[in-house]
Amino acid sequence: DVVMTQTPLSSPVTLGQPASISCRSSQSLLRSDGITYLSWLQQRPGQPPRLLIYKISNRFPGVPDRFSGSGAGTDFTLKISRVEAEDVGVYYCIHATQFPHPWTFGQGTKVEIK
Amino acid sequence: EVQLVESGGDLVQPGGSLRLSCAASGFTFSSYSMNWVRQTPGKGLEWISYIGGGGHPIYYADSVKGRFTISRDNAKNSLFLQMDSLRAEDTAVYFCARDFSWELDYWGQGTLVTVSS
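Line by line, the protein sequences give chains C and E. Numbered by this note's numbering, the letters in the first sequence go through residues 1 to 114 in order. Numbered by this note's numbering, the letters in the second sequence go through residues 115 to 231 in order.
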């Protein structure tokens, strides 16, 4: 099975400054259909996960444009251009593979304000 | 507006059973596959079960196969998870999540299941 490894596990950031989270997979995430299903979820304190970015770099409706995703193959990055207080939370990368075990999650990166 | 609301979480003894429900609204429920995902402090997020829009196919994670049963009632816009032979390691917050073309695009608020004597 694919293993998703996020770094760092914790990211203290100054308000207004950028933040970057890396997600590395143990094997290429490019599926046989030519699509890479690598997404990013945000989980604010006390809230459920929320889809931020899908298929590497597409923002889900309602997601601010300060969030961006990039990458290919085994290396992916989530960037927040200017961190705001509402961005505090845990961010997870998630990969959709094939059945019978379709979704694998990274271990999460906690973004907090310095 | 898409809404998913879980219920049924509780404190249960090891070996016991519990049935979780997820009430869906704001979309054509029968057109979407649905999932259960759980979250523990130690293991993070873990996908545990999938069901197609019409009730098939069905898949389970190895950790729950043979003990949990996913089902749905499209007439009532509801998703269910029957949990039997519960173990301490099943203690978690359980979320239902909608699948839109391999993306888990909407999640419920979650319901807490605690397995302890």
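These are calculated hints, taken from the structure and not from any lab test. Some hints here could point you the wrong way.
Unchecked claim - Straight-line alpha carbon distances no greater than 27 Å define the calculated BS3-like cross-link-like pairs of lysine-lysine that follow:
1. C:LYS55 to E:LYS157
2. E:LYS179 to E:LYS157
3. E:LYS157 to C:LYS110
We went through each hint and held it up to the structure:
no.: 1; hint: C:LYS55 to E:LYS157; result: holds (24 Å)
no.: 2; hint: E:LYS179 to E:LYS157; result: holds (18 Å)
no.: 3; hint: E:LYS157 to C:LYS110; result: holds (15 Å)
Comparing the model with each earlier hint shows no violations; every hint is respected.
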